[in-house]
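Student: Each chain, written out:
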Amino acid sequence: PSPHPVLQPPNHHIYLLLLALALLGANVALRAVTVALTPPPRRRHRRLPQVADGAREAEGRRSAASHWSADASSAPPIQSAANTSSAPASYWSADGSSASPSQSDASHHQLKTMIVLGSGGHTAEMFAILHALDARRYAPRAYVLAATDTTSRVKVARFEERVDKDLAAACKDAVTSDAECASWRAHTITVIPRSREVGQNYLYSVFTTLYALAFGAATALAQRPDVVVCNGPGTCIPLCAAAFALRMASPVFPRWAGGAAPVVIYVESIARVASLSLTGKLLYHLRIADAVYVQWEGLRRKYPRAIYAGRIM
Amino acid sequence: MPDAEEAEGSRARRGAVVPGGGDGGESGAARDSRNVFVTVGTTSFDALIEAMDCASVVATLRAKGYTSLTLQIGRGLYLPRNIVPPGASRAVLRGGGSVGEGAADEDNDEGRDEFVVEYFDFKPSLEQSMRWAALVVSHAGAGSVFEALGLRRPLLVVVNETLMGNHQVELAEELAGRGHLQWCTPADLKHALVAFEPKGLTTYTPGNPVKLAAAFDTLLG
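Heads up: the sequence lines are chains G and R, in that order. Here full-length UniProt numbering is used: the first residue of the first sequence is 1, the next is one more, and so on. Here full-length UniProt numbering is used: the first residue of the second sequence is 1, the next is one more, and so on.
Treat the hints as calculated values from the structure; they're not laboratory data. One should not assume that every hint holds.
[Said to hold, decoys possible] When the alpha-carbon atoms are kept at most 30 Å apart in a straight line, the in silico DSS-like pairs for lysine-lysine are as follows:
#	chain 1	residue 1	chain 2	residue 2
1	R	K190	R	K123
2	R	K211	G	K155
3	R	K123	G	K165
4	G	K165	R	K211
5	R	K123	G	K155
6	G	K155	G	K165
7	R	K199	R	K64
8	R	K64	R	K190
9	R	K64	R	K123
10	G	K302	R	K211
11	R	K211	G	K281
12	G	K302	G	K281
13	G	K155	G	K281
14	G	K155	G	K172
Use the sequences and the hints to build the structure in full.
Tutor: Here's what the structure looks like:
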């Protein structure tokens, strides 16, 4: 007897399509809200003191170098609501170039980096990328792992050991303060539940995904990263979506968002030559990621907004 | 481990030069032995192991001048039983291709005709195994492929057709198009081994994440 057509469990892609539609709906709704509530351009030069104070507190949580010097006439960073009008405009740019949302950051300013780790191959590529980054700038690092991933923990420990060693010389420098050195080495590990186990029942998957979404959102909100870097695992979708929502909501709810405006970076695996992975497609088409990097030039034909910056191995 | 030591010993005792000369591959391959290393990484790829587990495939490799075959079977459930005695993980084939167990020994003046077959499931790092290989036959996983290419090994990639949404074949096709490897399916394996010509391949220049890191820095201001 052939299986009942309606009661067959749908395949993975239908379930993810619904998730994509939900994210799209949320995306559209948040953009509409942002536009509706954005003050008109003429307010650009008016500084809102209470908002600036809130943003100042958020800045204070980051590294030593601070924009909020005693000089009150310095221009406010883009993350504060005083520049609300310009922030959404950059996200709406239709061209492929990612208008940098972080014009506030001086090149030496630290960026709290959230790094999403997945299974084996993804982790290997991620650490290849991390090795090339300046550990002093991309710090503190907040690693996020899936609950079932044991090997990534070991790799994190090994990577951070190497960072410690590499920075040992710079830390001994008389110019560097202990606090600064500690901030270079600071890292945390957060474990989040997986959205769905292989072969899991469809209805149950909806709940586990919502749970993972909530958990990912809570993590992103608690950590308030400046950058979220992800290279493939599905675990990054809730985190990227939450970071994106945080950035969208930030001009509208500045006090709550605390001036956070995370930049979401997605690097597609070197294994993807002709098409993006499902995670990549979601982040690309829904415009959740600020930048989608691909490692094969041919992908730029199919995804014009993607950026090719060479292969990592 | 005893097997590794036996393998070392047998290679050392085998003094004759292999017909077909040198090691054919780039620097790093072992002295006078030409090893074929088959790897499936951390996956299960029984179709490949089954295709290799064939006396005619071994005959093809011997005819091409290879002297040993190592299979890394990963999570696969199929254990070779045609080219090794059932239950053994290692065998030394002599002369007419008869299957004998254990290390090379007593009547071994004709080291030339010896062909060592062995298999294992995992090792912490396959780098050494790859370095010793004159030919790497790999599944199409990016990690294994780029590891072999980085070590400049002649590479034959076998694509696992049972995988869903097989994007691995795209990677194999792209790299083959650039002349860095050749690829085939398990069904075509024997034919591909016969036709494989390492001299026709070009070396792959490994990439560098530095450019990507610079792109990040530019993006973030």
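Student: Going through the earlier hints one by one, which of them does the structure break, listed in rising order?
Tutor: none
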